[in-house]
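**Student:** The primary structure of each chain is shown beneath.
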Amino acid sequence: MIANILLVIAMSFLIIGAIGINRLEGVFPKLLTSSLIDTMAMLTLILALMIKAGWNSMSIKLGIVMLFILLTNPVINHVITQAAHEEHKND
Amino acid sequence: MLKTTMIVILITLGIVFIRLIRGKSIWEKLLSLNLIAILTVMLIITYAVDNQLQLVMDIAIAYSIIGFLSLILLTKFIAGGEK
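Heads up: the protein sequence lines correspond to chains G and U, in order. All you need for this note's numbering is the position in the first sequence, starting with 1, plus 12. All you need for this note's numbering is the position in the second sequence, starting with 1, plus 7.
Check the hints yourself; a few may be wrong.
Unchecked claim - Straight-line C-alpha distance at most 20 Å; calculated EDC-like pairs for lysine to aspartate or glutamate:
| id | chain 1 | residue 1 | chain 2 | residue 2 |
| --- | --- | --- | --- | --- |
| 1 | U | K10 | G | E37 |
| 2 | G | K101 | G | E37 |
| 3 | U | K10 | G | E99 |
| 4 | U | K83 | G | E37 |
| 5 | G | K64 | U | D65 |
Note that these hints are calculated values from the structure, not bench results.
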């Protein structure tokens, strides 16, 4: 029950992010919607899968994936945004 | 329910791939590449939980590490210089 609700939330965030990345123009507005998919859809999907998989080693591996993506994803977004900002400042 | 989630992830992957091809600047393309890496990891873990495959989960961990390294190095290379 809880897993299905979390899956519906993840799917709605995926659809909202896909519409947003198609409609918005420019680098910085696109960063706004891509972070929606990166954090929110990923978090709710992995929580739902952890509830669905039960308490075994697969759940621990899901936690490792979630921890790694939560640590590395802001780094990638920060590097891309910093490089784009440097280029816009020089023009 | 998991199969529906996999179909939605595939549709999002297609839209992001179109956006990767038709992007205007190089930074929008890099952003789309990051999204493609994350969506592939999501697709792999959904498939692994759906079919109860333990070994496929290790592939997801390795894929996330490779995506992180390649994007950081690509961005540093395109930005140029020693920053």
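**Student:** Each hint needs a verdict: does it hold in this structure or not?
**Tutor:** Outcome of the hint check:
no.: 1; hint: U:K10 - G:E37; in the structure: violated (32 Å)
no.: 2; hint: G:K101 - G:E37; in the structure: holds (18 Å)
no.: 3; hint: U:K10 - G:E99; in the structure: violated (42 Å)
no.: 4; hint: U:K83 - G:E37; in the structure: violated (24 Å)
no.: 5; hint: G:K64 - U:D65; in the structure: holds (18 Å)
Checked against the numbered hints above, the structure breaks hints 1, 3, 4 and satisfies the rest.
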